[in-house]
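> Okay, here's what each chain looks like letter by letter:
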Amino acid sequence: MTVTTVMEPKMPKCWRQETKPHKFCPGCGHGDVLKALGTAIDELGIQDRVVFGCDIGCSLLSWDFFNFDTIQAHHGRTTPVMTGVKRARPELICIAYMGDGGGYAIGSQHLVNAATRNERIFVLLANNAQYGMTGGQMAPTTLPGMKTETSPYGRDTDWSGNPTLGPEMVAAITPDSAYVARGTMSNLRQLTQMMKKALQNQIDGNGFSFVEALASCPTNWRTNAAKTWEFVEKEMPKYFKVGELKVPAKKEG
Amino acid sequence: MADKPIQGEKRMFVTGNEAVAYAALAADVDIMYGYPITPQNEIMHYYTRLAPKYNKPFLQTEDEISAGFTTVGGVMSGKRAFTATAGPGNTLIQESMSMAEMMRIPTVVVIMQRGGPSTATVIYSQQEVTMTCYGANGEGIRVVYSTCNHQELYDYTIKSFNTAWKYRIPTFVLGDGYQAKMRESLTMYDPATRGIEMVNTSPFVGLPGTAGVDRDPAHLRNTYNTEEELYEVVSNLVADYEKVAPEIVESESFDCDDAEVVVLAHGVVSRAAVEAIRELRKAGIKAGHFRPITLRPFPDQELKAVANQAKKLLVVESAQGQFAKLCQHSLYGNSTPMEYIFKPGLGITSDEIMNKVKSML
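Chains A and B, in that order, are what the protein sequence lines are.
full-length UniProt numbering applies: residue 1 is where the first sequence begins, and numbers increase by one.
full-length UniProt numbering applies: residue 1 is where the second sequence begins, and numbers increase by one.
Same shape as in the complex, but just chain A (with noise of 0.2 angstroms):
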């Protein structure tokens, strides 16, 4: 006799069921690298606590992903937005989501201001080295002879200048208190946990967290699911070192 186990997909509990499947296109990173911050808040309770606010790009599918209240702002605004709820609510604990458009282009001055400022939010970033969906153009992560829409013959460092290395920035100009990371979705354990130290930094109050996660676009890639999970796992990393920037020292007492 032959037994047939039907494995449920496991999803994190602050999920909203009722908007899945998700609306990101298949082989996209933003499911992955979204469960990775389900099962963060799940494991730390805090959902009843949570404002989640997702930028425009393709993070703003994620309007109605979770069981959180959430503000869908516009491009580059989220950061603001979130900072605007946390300094009139400290108690929330505010994600703001976005892309590397969002965070590094056109909302790169609310970065820079908010970590400078150690905001006591978390933005989290979704690197997926271009711009999904206005159709694939070249992002400030686009990488070095990478081909976009915009840079058909790759990416022309002399032309366009090199890609952002964003945690390493936000390192550079926050105080000791932040907590700044770079994880990938090859690696959603270690994901997962750089999410949670920086929920956890919220939590604590002690200051700006930021994490960047490598993320997958194989529609704007042109990829098959063998070549996106390489260029993910192995040429990504290569230029985005995937791993801890700072971390706070546990406070004492």
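Don't read these hints as lab results, they were simulated from the structure.
Backbone N, C-alpha and C fix where the C-beta goes; we use that ideal spot for every residue, glycine too.
Please note that a few of the clues may not be correct.
What the hints assert, rightly or not - If the Cβ cut is set under 7 angstroms, some of the chain A residues that face chain B in the computed set are: (1) Gln47; (2) Leu60; (3) Trp63; (4) Asp64; (5) Asp69; (6) Thr70; (7) Ile71; (8) Arg77; (9) Val81; (10) Thr83; (11) Val85; (12) Ala88; (13) Gln109; (14) His110; (15) Asn113.
What the hints assert, rightly or not - With a straight-line Cα cutoff of 25 angstroms, these simulated SDA-like cross-link-like pairs (lysine to any residue) come out: (16) Lys196/A to Val213/B; (17) Lys343/B to Lys356/B; (18) Lys35/A to Thr223/B; (19) Lys20/A to Arg221/B; (20) Lys13/A to Arg215/B; (21) Lys243/B to Glu139/B; (22) Lys23/A to Leu230/B; (23) Lys13/A to Arg221/B; (24) Lys166/B to Tyr134/B; (25) Lys241/A to Thr157/A; (26) Lys56/B to Ile203/A; (27) Lys35/A to Ala218/B.
Claimed, not checked - So these bits of chain A aren't anywhere near chain B, every CB distance computed over 10 angstroms: (28) Glu8; (29) Pro9; (30) Gly84; (31) Asn118; (32) Glu149; (33) Lys197; (34) Asn206; (35) Arg222.
Once you have looked at the hints, place chain B on chain A.
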């Protein structure tokens, strides 16, 4: 910790910016977000001196884009939040106001107009009328109060919080550099002593309970996937706005009943108009003055009633026809001849208005 910034009533001799800071505190504001720009700086200066005494925070943001969006965040978290700006800052703040318009976020913004385009002068102009009324990528679903003196700056700053929260419409107080910087006397008061009840605020997010467990989450978005969905949302928004507009609209008129020439002006220019009418009446000339207090929604019915009985209209403004366009639009179909004094960035005296009215008779 002090109880209230204004106990009972107080006659004070202050700048307009000071009046706004006091009014915001009298209105029991919770938090201000702001970025420096002349001529509104002293609103923040006075606020940051006064507010900590009442346990009210302030955040100096990195720019006006951020000031607008942090205000949006503060309001969405359920707080009576506001910001103030001018000129190029008004340009930047419009992005957040398009979000506020569409999502019905009761933001309050005080604008102290300065000259334009680009940066221009910092003292005075009425060149931010179009931008304040219609500046965002939307349909102008907002309330704009144009004040003419310090008393009104105080009164309408308080009122703006109630209008915003009662109707859930972004509300602007539109002053100018003269009002911001000059001193004059006004009566400050605790709104409660005049029977003004502050409309309660309530959170859009950070609600009690756990979403998905004992309540639904608040999923607030400004993104729509189909044209039909957007059409429905915007149509409902516009219908709601038109329904409440008659309750919100405000205007004033002086000596219009038998006037041959009616001077149309708003804001601080209307003070020159009032003076001109007084002098003209003394000289036996039948002149009147009509002033919209709300530029959005515009007092269409009231202006039409005045224009229908007048022989001529004179529009006076310190801009190149921004206010005149609002009047023309409002008066479509009316054939009363209209003349103009347009002086972008310049002050206008009662003598100029008197001479112009005389030349029109």
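> A separate judgement is required for each hint: does it hold in the structure or not?
So, going through the hints one by one against the coordinates:
1. With a cut of 7 angstroms, the hint placing Gln47/A at the interface with chain B holds, because the nearest CB-to-CB distance is about 6 angstroms.
2. About 5 angstroms separates the beta-carbon of Leu60/A from the nearest beta-carbon of chain B, less than 7 angstroms, and the hint is met.
3. Because the closest C-beta pair between Trp63/A and chain B is about 4 angstroms apart, less than 7 angstroms, the hint holds.
4. Taking 7 angstroms as the C-beta cut-off, the interface hint given for Asp64/A holds, the closest approach to chain B being about 4 angstroms.
5. Hint on Asp69/A holds. Least Cβ distance to chain B is approximately 4 angstroms, under the 7 angstroms limit.
6. Here the hint on Thr70/A is kept, as its CB sits about 5 angstroms from the closest CB of chain B, short of 7 angstroms.
7. At its closest, the beta carbon of Ile71/A sits 5 angstroms from a beta carbon of chain B; the interface hint therefore holds under the 7 angstroms criterion.
8. Annotation: Arg77/A was flagged as interfacial toward chain B, and the flag holds, the nearest CB pair being 4 angstroms apart, inside 7 angstroms.
9. Of the supplied interface hints, the one on Val81/A holds, with its beta-carbon coming within about 4 angstroms of a beta-carbon of chain B, less than 7 angstroms.
10. A cut of 7 angstroms between beta carbons decides the hint on Thr83/A: the least distance to chain B is about 5 angstroms, and the hint holds.
11. Restraint check, Val85/A versus chain B: the minimum CB separation of about 4 angstroms is within 7 angstroms; hint holds.
12. For Ala88/A, the shortest C-beta to C-beta distance to chain B is roughly 4 angstroms, which falls under 7 angstroms, so the interface hint holds.
13. With its C-beta approaching chain B no nearer than about 6 angstroms, Gln109/A sits inside the 7 angstroms limit, and its interface hint holds.
14. Interface restraint check: His110/A against chain B, minimum CB-CB distance 6 angstroms, threshold 7 angstroms, status holds.
15. Of the supplied interface hints, the one on Asn113/A holds, with its beta-carbon coming within about 4 angstroms of a beta-carbon of chain B, less than 7 angstroms.
16. For the given pair, Lys196/A sits about 22 angstroms from Val213/B by alpha-carbon distance, which is consistent with the 25 angstroms threshold.
17. Between Lys343/B and Lys356/B the alpha-carbon distance is near 13 angstroms, which keeps this suggested pair within the 25 angstroms criterion.
18. In summary, the hint linking Lys35/A to Thr223/B is supported, as the alpha carbons are separated by about 23 angstroms, within the 25 angstroms threshold.
19. A C-alpha spacing of about 18 angstroms is found between Lys20/A and Arg221/B, which places the hinted pair at or below 25 angstroms, so the restraint holds.
20. Under the criterion of a C-alpha separation no larger than 25 angstroms, the hint pairing Lys13/A with Arg215/B is consistent with the structure, at around 15 angstroms.
21. A hinted pair counts as satisfied when its Cα atoms are at most 25 angstroms apart, and Lys243/B with Glu139/B qualifies at roughly 15 angstroms.
22. A threshold of 25 angstroms between alpha carbons decides the hint, and for Lys23/A with Leu230/B the separation of about 19 angstroms falls inside it, so the pair holds.
23. For the suggested pair Lys13/A and Arg221/B, the alpha carbons sit about 23 angstroms apart, so the restraint of at most 25 angstroms is met.
24. With a C-alpha separation of about 21 angstroms, the suggested pair Lys166/B and Tyr134/B falls inside the 25 angstroms cut-off, and the hint holds.
25. Only pairs whose Cα atoms come within 25 angstroms are accepted, and Lys241/A paired with Thr157/A is accepted, the gap being roughly 19 angstroms.
26. With a C-alpha separation of about 22 angstroms, the suggested pair Lys56/B and Ile203/A falls inside the 25 angstroms cut-off, and the hint holds.
27. Straight-line distance between C-alpha atoms of Lys35/A and Ala218/B comes to about 20 angstroms, which keeps the hinted pair within the 25 angstroms bound.
28. Non-interface call for Glu8/A relative to chain B: holds, since the shortest CB-CB distance, roughly 18 angstroms, exceeds 10 angstroms.
29. Against the 10 angstroms criterion, Pro9/A stays outside the reach of chain B, whose nearest CB is about 18 angstroms from its own CB.
30. Taking the minimum C-beta to C-beta distance to chain B, about 2 angstroms, the non-interface status of Gly84/A is violated against the 10 angstroms cut.
31. Here Asn118/A stays apart from chain B, with its beta-carbon at least about 13 angstroms from theirs, past the 10 angstroms limit.
32. Its beta-carbon lying about 22 angstroms from the closest one in chain B, Glu149/A satisfies the requirement of being farther than 10 angstroms from that chain.
33. For Lys197/A, the requirement that its beta carbon stay farther than 10 angstroms from each beta carbon of chain B is met, with the minimum near 23 angstroms.
34. For Asn206/A, the non-interface assignment is confirmed: its Cβ lies about 19 angstroms from the closest Cβ of chain B, beyond the 10 angstroms cut-off.
35. For Arg222/A, the non-interface assignment is confirmed: its Cβ lies about 25 angstroms from the closest Cβ of chain B, beyond the 10 angstroms cut-off.
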